[in-house]
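Asks: Using the sequences and the hints, build the whole thing.
Protein chains in written order, with our numbering: chain X, 1 to 132; chain C, 1 to 242.
For the record, the hints were derived by calculation from the structure and aren't laboratory data. Model, not experiment: these values are computed from the prediction. Careful, some of the hints might be misleading.
Stated by the list, open to error - Here's a subset of chain C near chain X, in silico, CB distances under 10 angstroms, partners left out: (1) 2; (2) 7; (3) 9; (4) 13; (5) 18; (6) 75; (7) 97; (8) 99; (9) 100; (10) 109; (11) 197; (12) 200; (13) 207; (14) 211; (15) 213.
All residues carry an ideal CB built from backbone N, CA and C; glycine is no exception.
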Amino acid sequence: MHEWALAEAIIYTVTEIAEREKFKEVTRVDVKVGELQQVDLETIKFALTQLRRGKLEKTEFRIEPIKAKLKCRICEHVWNFDKNKLEEEVAEAIHFVPEVAHSFIKCPSCGAQDFEFVEGRRMYIESVSGVK
Amino acid sequence: MQDPRIKVIEHRLSKVNNIIAVSSGKGGVGKSVIASLLALLLAKKGYRVGLMDLDFTSPSTHLILGAKGLFPQEKEGIVPPTFENIKFMSIVYFSKDKALSLRGQDFSDSFIEILAITKWDKLDYLILDMPPGINDATLDVIRYIKKVKFIIVTTSSILSLSTAKKLIDALNILNIEIIGVIENMKSEQTHTIMEKLDGAKTKFLGEIPFDPKLERCFGKPQMILTTKVSRELEKIVDKILT
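Replies: In structure tokens:
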């Protein structure tokens, strides 16, 4: 599953942060996941519990989805991403590489494909807490 | 806020021994043909080879190779499909070969995403087909792929050479290894391009003649390997390998 690759990315990054911050153990990690990527949150949580080792053995991972918003660079119209309006094959392509949305999604107001992801594009680690 | 994808890239590429970016200052110098053929020749010699098309807005290696109907396998990430003994990754799997217009940050995000989720496994060579110029792709490759080395393709035209020289200068300033320069599509007896490159700090690898028959071989990888272009590039490959 693609989610495992993203979970691995979180584990590698948190492990590095824990070393840098000299944490003996990491207690909590807050992760935000953009809706555009359509990541299965349960799968990513499960993958994290399977992959964690050492200082991350008892870490609580809090994963919060962020609604995806797009803004047209031509007419400035802002709209919400709606997976249900996409064909399954297109939704899957955007799941792997969200930027290919530029091949399939148009501004509902003017039809342009020159838009930006205002929020909810990517996954990021918001905070890492631990015991020193 | 930290992007977790960055850290995982070095792990994804840890089993890849050599990463070669085939680049140029200008478009239209045959860079994608050289990159595709380089991958085919290395695979023919028995090396484990990957090819990644980084020209996201104008990908063409799938057309040169005739790689159709492929899609990566989803297995704790994505595993590139194997075609002609080459592990082949291209944005066309996801863009479905439709027009894809990307601004700088969008290019970087899709580049990082693909590197973060692609599982190459063990490779002797990973060939990167670069878009032309010193742009987001070049800067991101340098930033995120520390062991990358460049091959620069140019024609003898001053329009191509002048930009190749700028690319060489930019890479030298950043201390990025340049394997050398290939003169492509040579159509007449001209001075060696190294003279025209005016003392640029790099090696001249060789020249490849213009072959009008090459076009009809696109999409037929085994036929491409029988062309004069392939024979000349093989001499260059042998030089690089020794």
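Asks: Against each hint, give a clear statement of whether it holds in the structure.
Replies: Going down the list of hints, with the structure as the test:
1. Restraint check, residue 2 of chain C versus chain X: the minimum CB separation of about 5 angstroms is within 10 angstroms; hint holds.
2. Residue-level restraint check for residue 7 of chain C holds (minimum Cβ-Cβ distance to chain X is 4 angstroms; threshold 10 angstroms).
3. A hinted interface residue such as residue 9 of chain C counts as satisfied when its beta carbon comes closer than 10 angstroms to some beta carbon of chain X; here the least separation is about 9 angstroms, so the hint holds.
4. Interface restraint check for residue 13 of chain C: the shortest CB-CB distance to chain X comes to about 13 angstroms, outside 10 angstroms, so the restraint is violated.
5. Because the beta carbon of residue 18 of chain C sits about 23 angstroms from the nearest beta carbon in chain X, more than 10 angstroms, this interface hint is broken.
6. Against a cut-off of 10 angstroms between C-beta atoms, the interface hint on residue 75 of chain C holds, since the closest Cβ of chain X lies about 8 angstroms away.
7. Among the interface hints, the one on residue 97 of chain C holds; its C-beta lies about 9 angstroms from the nearest C-beta in chain X, closer than the 10 angstroms criterion.
8. For residue 99 of chain C, the shortest C-beta to C-beta distance to chain X is roughly 6 angstroms, which falls under 10 angstroms, so the interface hint holds.
9. Checking residue 100 of chain C against chain X: minimum C-beta separation of about 5 angstroms stays under 10 angstroms; hint holds.
10. Checking residue 109 of chain C against chain X: minimum C-beta separation of about 6 angstroms stays under 10 angstroms; hint holds.
11. Of the supplied interface hints, the one on residue 197 of chain C is violated, with its beta-carbon coming no nearer than about 36 angstroms to a beta-carbon of chain X, more than 10 angstroms.
12. At a threshold of 10 angstroms, the smallest CB-CB gap from residue 200 of chain C to chain X is about 34 angstroms, leaving the interface hint violated.
13. Given hint, residue 207 of chain C at the interface with chain X, is violated; its Cβ is 37 angstroms from that chain's nearest Cβ, farther than 10 angstroms.
14. Hint on residue 211 of chain C is violated. Least Cβ distance to chain X is approximately 33 angstroms, over the 10 angstroms limit.
15. With 10 angstroms as the threshold, the beta carbon of residue 213 of chain C stays out of range of chain X, its nearest partner Cβ sitting at about 34 angstroms, so the hint is violated.
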